[in-house]
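> Each chain, letter by letter, is given below.
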Amino acid sequence: MILFFASEGHAQFYFGKNKVQYTRFNWQVMETEHFRIFFYVEEEEIAKIAARIAEDDYRILASRFKHEIYNPIPLIIYSSPNYFSQTNVTPTLLPESVGGFTEFLKGRVVVPFHGSYFDFAHVVEHELVHVFTISKLESVMSIQRLYKMATPPLWFIEGLAEYWSTEWDTEADLILKDMVLAGKLFPISRFYEVNGTYYMYKLGQSVCQFINDKYGSEKLVLILENWWKGNDFNQIVQLTVGESLNEISRKWEYFLKKKYFPQISEQGLTDIEARRLTKSGYALKGVPIDLKNGRNSGEWIIFKANRLGYSGIYMMPPDGEERRLHTLLKGERSASYESLHLLQSGIDANDSGFILFSSKSEEKDVLYLFDLCVRSVIKKYEFTDIVSIVSPRFSHDGKKAVFSGTLKSGICDIYFVNLETGNFRKVTDDFYYDTDPVFSLADDSIVFASDRCSDGENGAINLYQIPVEGGKPVQLTSGSWRDLTPDVSDSGIYFASDREKAFNIFRLNSNGTINRITSVLTGAYDPRLTPDGKSIIFSGYQDFGFQIYRIPVKDSILLTETKESAGQTFWKPGSLDRKYVKSSVQYKTDYSFDIAQSAVSYDPVYGSIGGLQAALSDMLGNKAYYFLLTNTAETKNELFSSFNFAVTYISKERRLNWGVGLYHLYDEYYNDYDGYFYERQVGGLGYLNYPLSKFNRIETTTYLRYSNKNIWMFERNRETLLISNYFSAVSDNSLWDVSGPIEGHRYNITIGLTTSLDKGKIYNQLGLVDLRHYFRLGKYSAHAIRFFAFSSSGDEPQRIYFGGSWSFRGYGRRAFYNRNIVFASNELRFPLIDNLIVGFPFGGIGFQAIRGALFFDAGSAWDDKFDQLIGSFGTGIRVALSQVIVLRFDFSRTTDFEKTSPKTQFEFFFGWNF
Amino acid sequence: MNRNILFIILLLSSLLMGGCARKFILPRGEIPVSKWNYPRRNVQSVAQIESAYKGGLNLIWEKHISDMPIAPLTMGVGNLILCGAESKAYFFDSKTGHPSGRIKSDKITESGLLIIDTLAYYNCGINKSAMNCINLHSGHSIWRLLLKDMIGTPIIIENRLFIAADTGTGYCIDRLTGKILWSRWIKSKSPAGPSYDEGMVYYPSDNGTVSCLDAKMGEMKFQIELNEPLMSKAAVGDYIYLSGANGGFFALDKMTGKPRWAKEFPWPIWTSPTVDGKSVFIGDNGGYLRALDVDSGKILWEFKSDGVIVSSPIVVGEFLLFASLDRNIYCLDKKNGLLVSKRQLKHEVRFPIVSDGYMIFFAEQDGTIQCLGD
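One line per chain: the protein sequences are A and B, in this order.
Position 10, counted from 1, in the first sequence is what the numbering used here calls 20; the numbers after and before it change by one each time, with no gaps.
Position 11, counted from 1, in the second sequence is what the numbering used here calls 137; the numbers after and before it change by one each time, with no gaps.
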């Protein structure tokens with residue numbers, strides 16, 4: 011909508027990363043009893059499975075909630091997280107950690123298939139719990155004719171969804187166990203400190219389970235049914251459960267302590283039992299190597315980590331990162347290494363100095379071969395039809411590799427690739443989830459993890475072995491648990507398993523027996539035997555994060571293993587019976603309202619804003635119409651000539667986003683050059699946006715309009731037919747802290763030309779350069795530099811406002827209104843306080859983070875003749891409130907570089923740092 | 127006349143007319159007595175009344191109010207009474223559907239309105255709740271008893287009114303004076319309220335406790351634990367029948383509370399059972415309506431609807447009637463569970479169907495009240 015208000019300006023004046031539509035999907039719609047399932051042709055089998063899961067879940071949830079939903083629930087399925095990240099259902103960029111989401115305006119549920127049917131069923135049910143929760147609350151409030159509803163806390167919404175969609179599993183247990191044993195368990199009143207994180211999900215799940223077990227299985231649904239009776243969540247819980255949230259929290263904390271403290275007598279803490287090698291951020295998937303050549307020959311550990319916000323690949327000595335750490339590759343800053351799949355995928359390295367890893371590169375994953383000698387990627391492997399590549403491993407001779415790959419259909423199999431020729435082929439070929447492949451010692455077979463075991467439908471994963479040429483897999487381990495990340499060695503196959511509740515490292519011996527190698531409480535994963543065979547390098551979870559640990563190989567308890575018969579197919583993911591599928595047809599654009607509201611405000615610069623606003627978009631969010639209708643008439647005679655309307659159509663279906671619009675605007679405006687004036691604009695616009703990658707794009711906008719400008723203060727009238735063209739190049743790979751960017755860059759270069767068609771002359775031209783660079787100094791500190799230049803000339807040059815807390819500190823907001831501006835800013839950003847909680851009689855208020863800034867700005871703004879540079883310097887405080895708003899307090903003095911202003915200027919404003 | 131003045135007069139008169147909707151006043155003279163002993167809400171008794179109902183679900187009359195039902199429909203003095211979310215009780219002539227008037231309460235009435243003789247009883251409010259007794263002839267309050275956190279539907283037996291509170295206490299109140307005759311600790315809240323049979327009052331609680339009290343003195347006869355939330359009223363026949371929110375269904379000895387038999391079903395049960403002769407009927411959240419043998423618990427038949435059953439089934443003559451959240455009213459043959467008829471509705475029915483022995487009545491959530499029969 012802002013396109014209209016800024017029609018005199020350059021609509022491209024902003025940054026932001028791009029959601030790129032790499033793939034064209036042929037969307038279909040399947041209607042079942044309670045769902046409309048949107049899927050593309052290639053994933054039809056997954057859609058049928060989703061239909062069965064969703065209908066099963068519907069009945070269970072209808073029973074739990076005592077509630078039915080009568081309108082079909084839109085369920086949008088993507089066969090891979092890489093495709094899921096392209097969805098337009100939400101305009102925001104989806105982090106890799108998002109496993110699915112429910113959108114509230116249209117009640118759409120969007121879920122990707124990760125390869126595992128069990129995980130898929132969990133995500134679908136989790137999102138459906140959200141749909142039922144919202145619908146139930148709406149129903150309860152509607153029955154009572156109440157429209158003001160107590161806001162449910164996010165931890166309760168997500169905790170309930172987790173509790174009613176999955177069992178209390180190993181991951182949930184380790185999160186809570188770690189918090190309790192570290193003495194850092196959050197009481198319910200402080201859950202907001204971890205709002206939106208995985209911790210919050212599991213804390214919420216634990217509380218919901220506690221309420222269910224301690225106070226009665228009917229209480230959770232009664233909380234929803236009693237929603238209308240309370241003014242806030244605490245009151246609703248109090249009258250349903252009979253105890254306040256604080257009392258419940260006290261009992262819940264006590265319950266967890268009683269549960270977890272005794273366990274420490276049986277198993278140990280990871281950093282006591284093993285040696286911690288990494289310290290910062292998250293670090294995992296460590297691979298020990300003995301580098302045979304090059305200037306860094308010797309023992310090293312190659313690993314993935316997210317140390318300061320971005321993930322990357324690093325190398326450290328076997329004693330740990332404190333001695334020497336090398337950054338090998340920085341991910342998430344360019345299209346080639348858009349995502350290194352930090353948690354999802356392992357990496358491999360060998361003694362010859364090669365590293366094999368996968369990364370998202372534009373549409374899909376590619377396999378990279380990195381040479382440690384030259385410290386760069388030397389080869390890139392792209393595989394037709396394979397969308398996702400996970401956990402690649404070298405053969406022992408380093409010439410071949412295996413990995414777990416997912417096709418567009420969502421089917422996940424083991425693949426073999428010849429690294430010299432790039433030829434690849436499937437090793438397994440079925441619908442089971444196969445992952446973590448590794449070559450046997452002789453390179454003639456592959457050991458991998460798979461859910462093809464008898465309890466695989468319920469999430470169990472066991473180890474299998476299959477000849478490199480393919481064939482029937484032989485089962486190596488069996489049981490209703492998860493055996494993952496095998497590592498083959500002379501002494502046996504090391505693997506991680508949650509067979510004894512917490513994940514630990516085990517070894518499968520050649521005689522079929524199993525030894526437990528580690529015994530830690532909070533999880534040990536990704537075992538890799540060191541080259542000398544004496545130690546295991548593994549990823550361990552403790553103190554809220556993953557780090558890399560080393561532990562000597564010592565056998566502990568010997569376990570026996572029972573095998574299931576080899577090659578037997580135990581289960582098959584069920585599809586919905588055809589008789590329950592009402593129809594399955596090609597998707598036709600289906601528009602419905604996103605928003606329709608009435609609001610009016612007046613801004614002297616932009617004129618009247620508001621009126622009737624409406625947005626229509628289709629079910630997939632690919633196409634949208636935006637409408638605006640206002641009237642600025644001041645007398646009856648002006649009624650018909652004063653209608654402001656605008657309609658815009660935006661298409662985001664393809665990589666090239668485009669839009670067209672028509673508008674008529676008539677209003678009184680103000681600027682510091684012309685004063686108050688009336689302007690009537692009638693015209694149309696065209697808009698093109700082509701993302702080159704997630705980080706870079708080019709865009710252009712054209713306005714063709716009749717403009718009649720009446721500057722009544724000076725009795726000047728200008729009437730003409732104008733065409734304006736703007737072209738922008740935008741780059742943004744910035745990483746944000748709570749108060750603004752702290753690493754990366756943001757660039758915007760724009761040029762524009764406005765021509766009068768009837769008078770046949772150029773009206774104005776403009777150029778804009780805005781370059782911002784952020785140099786990371788520490789975890790929360792950075793040095794930010796900005797250079798900004800703007801110039802416009804012609805008969806009616808464009809002028810922009812400048813000055814204030816967002817631009818030139820020390821000078822008032824909109825202090826400058828000129829057609830030439832040059833400006834540079836230096837800012838040192840540093841942390842002051844994290845998580846300040848201020849107590850008030852009515853409760854505590856938490857400030858998520860308080861950051862400090864030291865800045866020095868210099869620049870000048872002029873129309874015809876450059877005068878002189880002026881500057882300002884000072885300090886500021888940024889207070890972030892719940893990731894929604896940042897309060898800015900600036901104390902500054904101005905200077906003309908000869909003398910400094912005697913008084914310190916104070917300014918308070920809102921907004922993120924530049 | 128000035129248009130503005132005309133407009134104001136029209137506005138005021140419409141407001142006046144709207145605000146003066148007829149208050150329900152029971153005319154003096156013969157009081158129509160309902161055959162249906164609904165104030166007891168002891169559903170096992172209903173099947174013992176002879177009925178001329180033939181199992182038809184044809185529309186006889188339909189009325190609509192701009193309010194939403196918030197409590198079970200009740201019948202009394204020839205009227206059908208519906209309590210709405212706007213704290214009003216609406217009266218309709220049960221034969222014609224003609225509105226007889228309404229009573230405005232100061233708070234929401236979730237208990238429904240019970241009528242004995244010419245007196246109406248209702249519990250209103252959430253936390254600061256009050257039990258009220260009003261004279262339907264005059265519309266005046268007879269008594270009002272403030273009792274914290276009253277919950278569920280009360281029952282009235284002879285001159286005694288029994289109700290439970292959130293605090294885990296069962297009360298017996300003199301229905302003519304409003305004085306508390308006795309109160310007893312029943313361990314936890316009884317969400318649906320008590321049931322009565324042969325001098326005993328049974329309180330099922332949400333912590334799984336079943337308390338049996340002597341109706342006269344409040345003496346505790348037995349108290350047993352079933353380890354399952356009991357969210358609905360007990361039905362009493364040869365045994366006491368209780369349904370659990372975890373899917374359990376229990377038959378207990380009426381005098382000692384000893385378990386006679388128990389069944390486990392896969393879906394939670396939030397509705398009250400209904401006893402009829404040798405069958406006990408129960409509807410669950412999975413949409414199943416089952417008939418069990420009262421003595422052994424053996425499943426005699428089951429019927430599957432497409433939605434959650436939250437309205438307790440009732441027996442009318444030879445038929446079993448219930449509403450499901452699939453927006454259907456079902457009429458089954460109570461002997462074999464075969465579908466006799468069903469009627470598709472536009473909105474949900476969340477409260478039990480009621481009947482006068484000839485017709486059936488129910489309220490949809492949009493405020494539509496329907497009378498079906500033939």
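For the record, the hints were derived by calculation from the structure and aren't laboratory data.
A portion of the hints provided could be inaccurate.
Said to hold, decoys possible - SDA-like, lysine to any residue: derived pairs with alpha carbons at most 20 Å apart:
1) A/K146 with B/D492
2) B/K214 with A/I153
3) B/K233 with A/E235
4) B/K254 with A/N244
5) B/K472 with A/G252
6) B/K313 with A/I153
7) B/K430 with A/E65
8) B/K233 with A/N241
9) A/K592 with B/D452
10) B/K233 with A/E65
11) A/K146 with B/K430
12) A/K146 with B/D452
13) A/K239 with B/L272
Said to hold, decoys possible - Just a few of them, taken from the derived set where beta-carbon distance is under 8 Å, the chain A residues facing chain B:
14) E65
15) R69
16) K76
17) H77
18) P82
19) I153
20) Q154
21) G226
22) S227
23) E235
24) K239
25) L417
26) K418
Here the structure is a predicted model, which is why all the values come from computation and not from measurement.
No residue lacks a Cβ here, since even glycine has one placed at the ideal position from N, Cα and C.
> Evaluate each hint against the coordinates.
Status of each hint after checking the structure:
no., hint, verdict
1, A/K146 with B/D492, "holds, 16 Å"
2, B/K214 with A/I153, "holds, 14 Å"
3, B/K233 with A/E235, "holds, 18 Å"
4, B/K254 with A/N244, "holds, 18 Å"
5, B/K472 with A/G252, "violated, 37 Å"
6, B/K313 with A/I153, "violated, 31 Å"
7, B/K430 with A/E65, "holds, 16 Å"
8, B/K233 with A/N241, "holds, 16 Å"
9, A/K592 with B/D452, "holds, 17 Å"
10, B/K233 with A/E65, "violated, 40 Å"
11, A/K146 with B/K430, "violated, 23 Å"
12, A/K146 with B/D452, "holds, 15 Å"
13, A/K239 with B/L272, "holds, 18 Å"
14, E65, "violated, 12 Å"
15, R69, "holds, 7 Å"
16, K76, "holds, 5 Å"
17, H77, "holds, 7 Å"
18, P82, "violated, 14 Å"
19, I153, "holds, 5 Å"
20, Q154, "holds, 5 Å"
21, G226, "holds, 5 Å"
22, S227, "holds, 5 Å"
23, E235, "violated, 10 Å"
24, K239, "holds, 5 Å"
25, L417, "violated, 37 Å"
26, K418, "violated, 36 Å"
Hints 5, 6, 10, 11, 14, 18, 23, 25 and 26, counting from the list given before, are not met by this structure.
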